[in-house]
Amino acid sequence: MSWADAIFWLLAATALLAGWRVFRTDSMVRASFFLLASFIAVGAIMLMLGAAYLGFATIFMMAVEMMVMALFMVMFMMNPAGLNPMSMVHQHGLAIVAGLVTFAGLGAFALSVDLPSRPLPAGAEVTAPLGRELLGPSMLVFESAGVTLLATMICAVVLSSRSGRFGPSDAGSVPPSIDPTAQEKS
Amino acid sequence: MSPLGALGVTLGVLVAGVVLVGLLDALARLVLGPVPLETPDRLTLEGLRGAVRRQSLTTEHPDLAAWRLAPAAYLGLAAAGLALVPVAADRAAVDVEAGIVVWGAVESLTVIAVFLHGWSSNSLLPLLGAYRFVAIGLSVMLVSMFVLIGAALPAESLRLTAIVESQRGLWNAVRQPLGLPLFLLLGLAITLRGPMDYADSADLAGGTSAEDSGAPRLAWQFARAAMLVAFATMAATVFLGGPLGPLLPGPVWLLLKAGFVAALLVALGRLLARPDASRMLTFIWVVLLPLSFLDLAIAGLETLR
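Protein sequences, first through last, are from chains A and B. Residue numbers for the first sequence, in the numbering used here: 1 to 186. Residue numbers for the second sequence, in the numbering used here: 187 to 491.
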């Protein structure tokens with residue numbers, strides 16, 4: 001086994017173990033960052049495949065996304081800090097069936113499909129062709145996904161903003177006075 | 187550069203830079219007076235002695251793994267950022283194809299390290315600092331991304347050595363006048379300084395490090411200074427032409443420019459006031475983000491010309 005093989009298996013094991021911990025931990029914040037650890041391992045595998053931009057962009061984007069996800073989950077949930085223990089799993093029966101079906105499907109796909117093997121010459125430029133592909137032939141898919149994500153983000157902001165559909169959520173509330181006796185006077 | 191040589195150079199510059207940051211902070215204290223309400227254990231010799239001698243206390247039910255690992259992650263990210271910087275026009279300790287994207291990853295993971303540092307101690311003021319910092323840190327990081335894309339445009343490459351090479355005629359700081367000032371704000375944020383210090387500020391009794399003591403406290407302060415070193419060299423590379431310059435050898439120019447940026451950041455951290463977090467957030471989204479779009483437009487037009 002070469003060094004590259006050893007590093008690959010180490011990263012693959014990290015991705016799987018961290019992914020498993022996402023569901024076994026008891027806090028939304030920890031779950032988010034275990035998922036991030038899993039994605040970072042996947043990003044590192046992409047780096048090993050010679051996709052420098054995609055690998056680093058995965059790590060970069062996942063870091064931002066998991067941080068935002070942790071923040072929004074805590075904002076929308078009853079557990080204000082994310083430190084109180086709570087279960088990360090629900091709907092066990094459905095989850096087990098969905099998990100097995102997905103695993104069998106993806107496994108069958110990976111084993112049955114004839115995966116392409118076209119090694120690039122060392123030092124080949126890959127970032128610029130990727131950009132041309134994304135903003136050329138694949139532009140429709142790329143932009144549809146982008147606009148959908150943007151719409152989702154705007155909806156999330158509307159749902160979580162202080163002035164929602166029913167007016168400001170803190171209407172009528174008064175911040176505590178600096179003068180402790182002010183309450184009694186009024 | 188051999189891997190061991192690269193590691194040696196990076197760590198050497200990091201430690202020397204941290205000492206320099208400590209000196210700059212001491213100089214700022216001498217010129218501008220002590221910081222009101224500041225905990226007096228920043229990187230001074232006295233602070234070092236105390237940190238080694240004192241025991242490290244913990245809170246009730248902390249996430250101890252995350253709490254102890256956060257300073258290590260912060261320091262590791264600083265080292266990773268510093269390793270990307272080209273020390274001469276054609277070589278860096280780690281010269282990767284998408285260097286500027288790696289720096290972006292360093293920025294975003296830094297926000298997570300600071301958040302976990304505050305969150306994991308299971309204590310009110312650190313938690314407030316952590317959440318406040320995420321809101322500000324992510325927003326100002328977005329600004330820095332557009333600014334960095336602008337800096338990569340004239341080079342037509344994401345490689346940092348190419349970005350240095352593209353500044354042979356004119357520095358990006360001159361060509362894109364909005365770039366460096368906006369990037370400096372990110373520097374203040376990820377090094378937790380002055381107007382952008384929403385994590386460790388005095389109004390939260392030290393924020394995310396309010397519960398830190400002993401050696402972990404020292405490690406956190408060290409990592410903070412190390413991040414300033416990494417940021418200063420990166421800003422010098424992307425906007426001030428990095429190692430390019432007449433007469434003197436490249437690495438000397440890089441260190442001079444990075445020293446200037448570090449001094450500027452320390453001074454700005456002391457001279458600018460910090461507004462309320464919600465006001466700052468509005469300011470970032472309403473003023474700074476459009477300015478970064480403008481910077482990108484200027485960079486694009488300049489490149490097309």
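No lab work stands behind these hints: they were computed from the structure. Among the hints, erroneous ones may be present.
Stated by the list, open to error - Facing chain B, from chain A, some residues (calculated, C-beta under 10 angstroms):
(1) Leu16
(2) Trp20
(3) Phe23
(4) Arg24
(5) Phe33
(6) Ile40
(7) Val64
(8) Met86
(9) His90
(10) Pro119
(11) Leu120
(12) Ala122
(13) Glu125
(14) Leu135
(15) Ala171
C-beta atoms are modelled at their ideal positions from N, C-alpha and C, and glycine is treated no differently.
Violating hint indices (sorted, rising): Per hint list: 1, 2, 3, 4, 8, 9, 10, 11, 12, 14, 15 violated.
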